[in-house]
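Construct all of the structure, not just a fragment, from the sequences and the given hints.
Read in order, the letters of the sequence shown are residues 174 to 354 in the working numbering.
Heads up, some of the hints might be wrong.
Here are the simulated DSS-like pairs of lysine-lysine, each with C-alpha atoms no more than 30 Å apart in a straight line [what the hints assert, rightly or not]:
no., residue 1, residue 2
1, K233, K217
2, K245, K217
3, K245, K233
If you're looking for bench data, these hints aren't it; they were derived computationally from the structure.
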Amino acid sequence: MMSIISTLLAAGDPSQSPHWFIPKRFELIYGGLASVIIISALAKFAGPMAKKALTDRTEKIQNEIDSARNAKASAEQEAVQIRTALGDIDKERSRILAEADQQASALLAEGRVRIDAEMKDIEAKAMSDIANASSRVGDELRAEIVRLSAIATDRVVRTALDDRAQQNLIEDFISKVGVSR
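This is how it looks when you write it as structure tokens:
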């Protein structure tokens, strides 16, 4: 009860507010005027700057969207070009492989011709070497036969002739040589 009485007594005091939440009348007037002035000043000076910042931000976002759209279109175009080039790569690869096969077969044919010619040359040289070796062996064999014949003849003559017959042969030989001089 005491609080009700103090509240009633406080209502009559002009320095006291009638309610704890509601401000005094002069505070409402001055506070309202100050708020209107500040809000007006902000609207006049800060409003255009905020509007310009929002417009710039909108333009920046729109430019980014446009550049992304252009990049996407460019990427799609490049993808189409790559896909067509991939088909061209397959054609080019098959052409290069066919050309390489032709060159390889030509190289093989040329190598076979060259090897055949070299084999003929080697065979001719071998035949020539065989003929030379054969004639050389024949000559060596004849020389050996002559040497062995001379040795055999000398032995036969020594054993077949006695000293007297040998002396006669030597004298006949000397006389023939002496006459022919």
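> Is K245 close enough to K217, meaning Cα to Cα at most 30 Å?
Replying inline: At roughly 42 Å apart (the allowed maximum being 30 Å), K217 and K245 break the hint.
> Regarding the pair K233 and K217, is the alpha-carbon distance no greater than 30 Å?
Replying inline: Measuring from Cα to Cα gives roughly 25 Å; hence the hint holds.
> Regarding the pair K245 and K233, is the alpha-carbon distance no greater than 30 Å?
Replying inline: Answer holds: K245 to K233 is near 18 Å, not above 30 Å.
Going down the numbered hints, you'll see the structure goes against just number 2.
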